[in-house]
Structures are given as structure tokens and as C-alpha cells.
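Visitor: Make a model of the complete structure from these sequences and hints.
Below, each chain spelled out in residue letters.
2 protein chains.
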Amino acid sequence: MGLVVQKYGGSSVADAEGIKRVAKRIVEAKKNGHQVVVVVSAMGDTTDELIDLAGEVSPVASGREFDMLLTAGERISMALLAMAIKSLGHEAQSFTGSQAGLITDSVHNKARILDVTPGRIQSSVDEGNIAIVAGFQGVSQESKDITTLGRGGSDTTAVALAAALDAEVCEIYTDVDGVFTADPRVVKKARKIDWISFEDMLELASSGSKVLLHRCVEYARRYNMPIHVRSSFSGMRGTWVSSEPPGGRGGQSGQGEQSMEQALISGVAHDASEAKVTVVGVPDKPGEAAMIFRVIANSEINIDMVVQNVSAATTGLTDISFTLPKTEGRKAIGALEKAQGEIGFDSLRYDDQVAKISLVGAGMKTNPGVTATFFEALSNADVNIELISTSEIRISVVTREDDVNEAVRAVHTAFGLDSDSDEAVVYGGTGR
Amino acid sequence: MGLVVQKYGGSSVADAEGIKRVAKRIVEAKKNGHQVVVVVSAMGDTTDELIDLAGEVSPVASGREFDMLLTAGERISMALLAMAIKSLGHEAQSFTGSQAGLITDSVHNKARILDVTPGRIQSSVDEGNIAIVAGFQGVSQESKDITTLGRGGSDTTAVALAAALDAEVCEIYTDVDGVFTADPRVVKKARKIDWISFEDMLELASSGSKVLLHRCVEYARRYNMPIHVRSSFSGMRGTWVSSEPPGGRGGQSGQGEQSMEQALISGVAHDASEAKVTVVGVPDKPGEAAMIFRVIANSEINIDMVVQNVSAATTGLTDISFTLPKTEGRKAIGALEKAQGEIGFDSLRYDDQVAKISLVGAGMKTNPGVTATFFEALSNADVNIELISTSEIRISVVTREDDVNEAVRAVHTAFGLDSDSDEAVVYGGTGR
Numbered sequence: 001m002g003l004v005v006q007k008y009g010g011s012s013v014a015d016a017e018g019i020k021r022v023a024k025r026i027v028e029a030k031k032n033g034h035q036v037v038v039v040v041s042a043m044g045d046t047t048d049e050l051i052d053l054a055g056e057v058s059p060v061a062s063g064r065e066f067d068m069l070l071t072a073g074e075r076i077s078m079a080l081l082a083m084a085i086k087s088l089g090h091e092a093q094s095f096t097g098s099q100a101g102l103i104t105d106s107v108h109n110k111a112r113i114l115d116v117t118p119g120r121i122q123s124s125v126d127e128g129n130i131a132i133v134a135g136f137q138g139v140s141q142e143s144k145d146i147t148t149l150g151r152g153g154s155d156t157t158a159v160a161l162a163a164a165l166d167a168e169v170c171e172i173y174t175d176v177d178g179v180f181t182a183d184p185r186v187v188k189k190a191r192k193i194d195w196i197s198f199e200d201m202l203e204l205a206s207s208g209s210k211v212l213l214h215r216c217v218e219y220a221r222r223y224n225m226p227i228h229v230r231s232s233f234s235g236m237r238g239t240w241v242s243s244e245p246p247g248g249r250g251g252q253s254g255q256g257e258q259s260m261e262q263a264l265i266s267g268v269a270h271d272a273s274e275a276k277v278t279v280v281g282v283p284d285k286p287g288e289a290a291m292i293f294r295v296i297a298n299s300e301i302n303i304d305m306v307v308q309n310v311s312a313a314t315t316g317l318t319d320i321s322f323t324l325p326k327t328e329g330r331k332a333i334g335a336l337e338k339a340q341g342e343i344g345f346d347s348l349r350y351d352d353q354v355a356k357i358s359l360v361g362a363g364m365k366t367n368p369g370v371t372a373t374f375f376e377a378l379s380n381a382d383v384n385i386e387l388i389s390t391s392e393i394r395i396s397v398v399t400r401e402d403d404v405n406e407a408v409r410a411v412h413t414a415f416g417l418d419s420d421s422d423e424a425v426v427y428g429g430t431g432r
Numbered sequence: 001m002g003l004v005v006q007k008y009g010g011s012s013v014a015d016a017e018g019i020k021r022v023a024k025r026i027v028e029a030k031k032n033g034h035q036v037v038v039v040v041s042a043m044g045d046t047t048d049e050l051i052d053l054a055g056e057v058s059p060v061a062s063g064r065e066f067d068m069l070l071t072a073g074e075r076i077s078m079a080l081l082a083m084a085i086k087s088l089g090h091e092a093q094s095f096t097g098s099q100a101g102l103i104t105d106s107v108h109n110k111a112r113i114l115d116v117t118p119g120r121i122q123s124s125v126d127e128g129n130i131a132i133v134a135g136f137q138g139v140s141q142e143s144k145d146i147t148t149l150g151r152g153g154s155d156t157t158a159v160a161l162a163a164a165l166d167a168e169v170c171e172i173y174t175d176v177d178g179v180f181t182a183d184p185r186v187v188k189k190a191r192k193i194d195w196i197s198f199e200d201m202l203e204l205a206s207s208g209s210k211v212l213l214h215r216c217v218e219y220a221r222r223y224n225m226p227i228h229v230r231s232s233f234s235g236m237r238g239t240w241v242s243s244e245p246p247g248g249r250g251g252q253s254g255q256g257e258q259s260m261e262q263a264l265i266s267g268v269a270h271d272a273s274e275a276k277v278t279v280v281g282v283p284d285k286p287g288e289a290a291m292i293f294r295v296i297a298n299s300e301i302n303i304d305m306v307v308q309n310v311s312a313a314t315t316g317l318t319d320i321s322f323t324l325p326k327t328e329g330r331k332a333i334g335a336l337e338k339a340q341g342e343i344g345f346d347s348l349r350y351d352d353q354v355a356k357i358s359l360v361g362a363g364m365k366t367n368p369g370v371t372a373t374f375f376e377a378l379s380n381a382d383v384n385i386e387l388i389s390t391s392e393i394r395i396s397v398v399t400r401e402d403d404v405n406e407a408v409r410a411v412h413t414a415f416g417l418d419s420d421s422d423e424a425v426v427y428g429g430t431g432r
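Just so you know, the protein sequences line up as chains H and D, in that order. Number 432 marks the last residue of the first sequence (UniProt numbering); no jumps. Number 432 marks the last residue of the second sequence (UniProt numbering); no jumps.
What the hints contain is simulated information worked out from the structure, not anything from laboratory work. From a predicted model like this one, the values you see are computed outputs, not experimental measurements. Any given hint could turn out to be false.
Which copy is meant is left open, because identical chains are indistinguishable; a pair holds if it fits in one copy or across any two.
[To be verified] Listed below are the simulated SDA-like cross-link pairs for lysine to any residue, each with C-alpha atoms no more than 25 Å apart in a straight line:
hint, residue 1, residue 2
1, LYS338, TYR223
2, LYS30, HIS228
3, LYS331, ILE296
4, LYS192, MET236
5, LYS31, LYS188
6, LYS144, ASN32
7, LYS365, GLY416
8, LYS110, GLU91
9, LYS192, LYS210
10, LYS338, ALA14
11, LYS188, GLN122
12, LYS144, SER87
13, LYS31, GLY2
14, LYS285, ARG349
15, LYS110, SER87
16, LYS144, GLU127
17, LYS30, PRO59
18, LYS20, GLU56
19, LYS331, PRO59
20, LYS326, ASN309
21, LYS210, ASP403
22, LYS331, SER321
23, LYS30, SER87
Guide: If you want it as C-alpha cells, here you go:
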């Protein structure tokens, strides 16, 4: 048996009890014959408490010193976890991101990993230790300063280490059982997904699924590192995210194990964190859209969907709509208003009572009936569609925020994803 | 103006207000034209809270992981302090012990400093930054693991850094105004000492004075680094600890500044943390004392005073008494009882209701009346003496614990140390 990397989030190690429970689970993997490397986040609310403290001493909490401060959180959890493991009679050593060889660029608070040189970790596990590594942090190649990786950083640390150590799998432990076909709080009949491809997981992540962040999945895909997302509170199998189903594409184990064949549709995601901006009366000529999105980009705002209708023949004017995080709404409107003379549009509309519903599945590439079924389901549920945007393996629509739960349930049922249905794998439609 | 190292303890940075107050004081030194390097301890109770957490996950809190845990405390305080300084418009960078070049041996929880390579600190201050360094921690030369220096470690960090950076002075900020001629809680008329030699300070520290620990003074003496102990709550001049008085031995500034000439007697220290063990009826022959103290040493107990009386001519037996920390009493008695047959003594007496009073001053070497005055003062105060031990510049006695405050006051007055007396400098006696 080879090396596994396990990652535990802050809610799994929120207190001494949690740390002891996680320690037992880690020791189990070791007893099963694996070499074990563990990536751990800061305990529960530690990071928030440190951020509050920073706010008390300084109005601007950012940069080099903020990273130095926040990394204290993982230092505490990893040392405690190592102690808990030792008290179970197994050897453990904890390592900071710097000691573990997580080399990053110098962009404090949201550094990117440039390289992983896990020599000390490899030596430690080769000597029989369980290695505990601080998530979320690294050391900058240039200045040798401590950096943090920003949101989702601990998951990314785990995947990057797993890749560098040539691990069998990167297990991400969380407080849910895995990735579901829809948010179980909205869709009671949502099913846990046994296996999902990197591509579908990337689309789900960028469409509002919170279990894994886009950045971590992207890293895993680049290095072809299988991820197993599972609960730290149960021993259940969770969701495998990998290029091929365990056992090979289309393989059936026939041993009572669930089929790992990919369903036509992986799941339905939704996201109510975005707002919609419509630029009304844009002259329909080359360069107009470019001007609008240059203005937005210069304000460092990330946009999501972009839709442009054909122009009205009578006026030569068109409307351009796009979605963006609600938190960036004010900034975007301000920037566009300032540039109105230069761009030459009529007016702006801003709407933050919207939500996005996305259907994701590589299967839809070759199943042309999917789009029709999707729109029929929404129509039957009396949900009005305001924007549509599609990719090869995803369809997204924007609706009223009030309609979103109903819409997700309707689509989930229409594609046979409900847990009492047999249709999921065998669905095939006609005419997308 | 040159470089100064300032050290702030946990009580000075216990909360956001404290951190902001300390930040202002640091910026003042910078504005006065100094290069400033700051060594900081963990905030208030942070270290105790971390120790409690460790106790919750593991019965044995020690070793490598315990050091990793505890060093999180300074990481938090130093990052916050750097932020607070930046918000005052000055540049600051924080550094871990490892980044600051504090190289230690591999003895976790009480590592010794082997070398200081402060290249990054020097560069940082040369670039105009205020450098903030985590106290109490280093990195082991051999294993590259994080170590802590044990009790008094932050003071030692400050002195070691000051020596390596060739600083003008190492300022130790604390919650008292300096070193006093006696504990001001016991002796209301205790005086702040303006200057004291390394040697006298070492004797005071090992006799119960808590302001500076022995280890830090020893380090300062070895590298001849002046220490200025002063309050972080006032701008007052504190106590200088150095080989020569500022301005030269015997020099008088005559500019309204207080004389820095060393008094005959530096101060009176007391210590009620020790117990007394008497080994009764030891055969008075070579090797007996060695056997007793080998037994104690093998139990890793540090002893303080040792006294042996002449043996009674009739029996050929003698008594050997020694003092040791009360916390080690049970262990010492156990070890001696086990070895009773081998050593061949009659019985053991254990007494933890004792206290030690010490008079310290290099002046006593050449003033033979000191011992007599000391004993007369105790006698006049009706204090009975149980043990006596002397060094060149110190006399210590053990008395009943109940008598200790009265004894300290009597000695303090007898040597003209009271703050309304003129005698301190001019005292001279006859016949020690």
C-alpha cells in the first residue's frame, strides 16, 4: 500500500474532542499499512478570531504581517494533532508550509503555489512517522517570507502535496458525505455522487457547489491526482473525483460495490451570490463589448456569465448583460457610469434578486435532448428564464432568486437524479 | 545613533491596547534616530491557554510538537505588533526565531542558543524597517526543528540578538521600574538601583530576584552587552546592568544625573520557593557526600545551598543539609530513601517552611564588617538562622518562612539601603 494524503478542515478539528477523533482516524489509515501525510486547517473559529485581533490594532489588515499572523492558526492545530497521535502510541511530526516545501509566489494573502519540494515530509514518513502539514500556507520563493494561499488554500495544499509525493489518493475530509447531485438542503432526494470527472467537478464548483473549490480541482486535474471527498464523522465512502472511474471507465465490479460509471448528468448546482448588470442601448459595432469589459477588468472585478442579444434592426442598438458577485455590484456600476460618455450606452440596470441554476454533465455533449428537457422542466415549474449561457458540459440560466429552490428540484427530478429513481445512468434524450 | 534591541514581555502586549501602546514607544525610539529591533513574548495568557489545550489532547505535553504549539503565541503577538507599527506610518517586519537566525541545540522545551546569524534582521533594519522578532524560540542546528528556550527565553533572545547585532544596549521592558534593593512589596523603602554589575545581578537573580533571570544576565556578561531594565508603562530611566557604570567606574556626571557609582551592597533578595533536606547521621568519611549528591543528581534535581557541620567527635557521624525547589522535595526524599542502605545514614528530615535571605554586593569582598552587620541585624530582629552559606559577593541564610519579611526589612535598613537614608554608598565596616 502506498502513501495517502488526508486533509481535515477547521470544523473537524474545532476542539480537543474533534482533534482526538481525527487522530484515531489517521492512526487507522496508518495501521492499514499506508504511509500517511495529513494536511490540517486552523481550529474552528481561530482564523476569524485572529482577523478580529488584527482589526483591533490596525485598520488595514493585509500583506506580509497578516500572513504571519494567520499562519499561527494552523501551527496550533497541527501541533495538537501530532500530540494526540503520539498519545495513541504512533509517531507524528508536524511541519509548517515552509518546512514542507510549499514554495509560492510573493502575493501575500492569496499566493499561488510555484513548486512543492517535500523532501522533509518524504523522509519523515519513510522513518515511520505520520507527517502533519499546515494547510493554507507556504514560503515565497523570492523573499523567503511566509505566505498564505487564500480561500480554499488547505484543500489546494493537500492536492499539491499529494501530487508531489506521488500519493495514491488525496482524501478531503469534510462535514458532508461527499458531492451531491444537488444541494441536499434544497433537494431532499439529492444523491451522493460516487464518481465524477474532473471536468464535471470543475463546472459544478464554478456553478455554486461549495464542497470543493475550483482551484483545488483544477490543480488535481493538472496532476491527475484522484480526490476522495468524504465525511470525517463517518466511515462511509464519499465521492471520487478523478479522470477515470476507479476500476476503469464503464467497469462494473459486480461485487456489491456501486457502479462507478459516470451518469449522463452529474448534478444541478445553484448560486444566489451573484447580481445581474444590463447595459442598455449599446451601439452594435465592433469594440463596444471590449470597452465595457475592459472597464470592468480595470476595476479588478471577476465576471461570470455574459450574454448579448442580437440588435434591434430599427435602432442598431443592443443590450449586453453579465453577472458578477453581489459584493462587486456597486464598484461595477460606478466604473461603468464614469465611462458612459466614452462607451456611449443609454442606461444601466442592476438586479441582485437573481439566482443561477446550472446543469452539469459531460454526458450532455452527446445527448442532444438535454437542453430541451431542462427548459421544459423549468417551464412546467413556472420558472421564468432571464439569461441563458451554455458550455459543452453545462447549461446555466438566471432566474428570480425566489424561484431558485423550486427550479433546482424540478430539474433534479426531470433528469432522474432523485434518489428513488433508476433513471440517472440510463437516461437518453433526443435533440438538444 | 546606533542599534537598540527592545524586549517586551507578555504583560506589556496583553491586549490590543497594550500592543498599540508598545508600538508608539517603539516608533519613538525609531524617530530618535535609532535602528530598532524588538523582541516580543506571547500575549498575556496565550502560552498558558496553549498549554491547557495540549493537556486536553495528550497526557504528555513535551518535545518537538509542544514547541511547535507554543511558538504560535509569539507569532501572533509579533505580527500584530508589526501591523500596529505600520498603522503609525512606519515600516515593520516580523520574523520567527528561525528567520532571525536563532540557532539552538535540539533539546526541545529548553534549548540552548548555539549561534545567532541575524543577516535577515540586519538587512531589514538597514532597509529602514523596524524588525520584530519572536522571543523564546529558535531552530535546531541539527534537525532544523522549531525549538523553545524555556523559562526566561525571551530575555535571552533579546540579549543574544543584541550581542550578535552589536547593539548599543538591550532594553528589557517590564511591569516594574527596574531592579530594586529589595522586593518593594516587602520593603516599602526599597530603592531602584541605577546601576548594578553583571556579577551582583547574577547573585541577586540566583537568590530570588525575579526581574531578570540568571541565564539572561549570564549571556549579557559573556558578551559584555549592557542591559537597561525599565518600565513599559513610564518613560523613567530604569536599572542599567553592565560591567562598568555608564560614564566609567566612579564617574560622577555632576549634571543633575544620579551617581552611577556602585554601592557597597547592591540589594537584599529573598526566596521562599525552596525546602530544606537534612540527612542525619552520615558517616564522616570520604565519598559519603558524593554518594548523596550523585543520588540527587541522578534524579535530575538542581540543588542550591549545601552545608555540612563538623562531625561529633564521639560518634564519627555528621549531618548534611541542602536546599532544593519545594516541587522537587518528594522526588529527592524518595531517591534518598531508596539509597539509604548504600549510603548508610540514620534518617532524613524535610522542612518546607523555610526561606532564604541573601545580601549581595561586590563591595563586601573588601569590607570585612559586612557579615557581622548582617548577623547583628537578624539577631536584633529576633530572626533565627538555620543555615549559612557565603560566596565572595553574597551571604545567604535560611530562616523560618514566617520570619522572612521581617528579616529582609531589618537587613535592608541595617545596610543603609532604605530610600530615606544617605548611607548606601558610603558604608564601610570593620571585620567581616
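Visitor: It remains to establish, for every hint, whether it holds in the given structure.
Guide: We went through each hint and held it up to the structure:
1. LYS338 - TYR223: Classified as neither: same-chain Cα gap 44 Å, cross-chain 64 Å, threshold 25 Å.
2. LYS30 - HIS228: within (17 Å within a copy, 53 Å between copies)
3. LYS331 - ILE296: So LYS331 and ILE296 pass the 25 Å test inside one copy only (9 Å; across, 73 Å).
4. LYS192 - MET236: within (11 Å within a copy, 68 Å between copies)
5. LYS31 - LYS188: Answer is neither: 37 Å inside a copy and 65 Å across each miss the 25 Å cutoff.
6. LYS144 - ASN32: neither (38 Å within a copy, 30 Å between copies)
7. LYS365 - GLY416: within (18 Å within a copy, 97 Å between copies)
8. LYS110 - GLU91: between (33 Å within a copy, 21 Å between copies)
9. LYS192 - LYS210: For LYS192 and LYS210, the Cα distance is within 25 Å only inside one copy (14 Å; across copies 63 Å).
10. LYS338 - ALA14: Intra 47 Å, inter 47 Å, cutoff 25 Å: neither.
11. LYS188 - GLN122: neither (44 Å within a copy, 62 Å between copies)
12. LYS144 - SER87: between (34 Å within a copy, 24 Å between copies)
13. LYS31 - GLY2: within (13 Å within a copy, 59 Å between copies)
14. LYS285 - ARG349: within (21 Å within a copy, 103 Å between copies)
15. LYS110 - SER87: So LYS110 and SER87 pass the 25 Å test across copies only (21 Å; inside, 35 Å).
16. LYS144 - GLU127: between (28 Å within a copy, 16 Å between copies)
17. LYS30 - PRO59: between (46 Å within a copy, 22 Å between copies)
18. LYS20 - GLU56: Intra 33 Å, inter 9 Å, cutoff 25 Å: inter-copy only.
19. LYS331 - PRO59: within (20 Å within a copy, 53 Å between copies)
20. LYS326 - ASN309: within (23 Å within a copy, 86 Å between copies)
21. LYS210 - ASP403: For LYS210 and ASP403, the Cα distance is within 25 Å only inside one copy (20 Å; across copies 69 Å).
22. LYS331 - SER321: within (16 Å within a copy, 80 Å between copies)
23. LYS30 - SER87: Within one copy only: 15 Å inside, 48 Å across.
Taken one by one, the earlier hints fail for this structure at numbers 1, 5, 6, 10 and 11, listed in ascending order.
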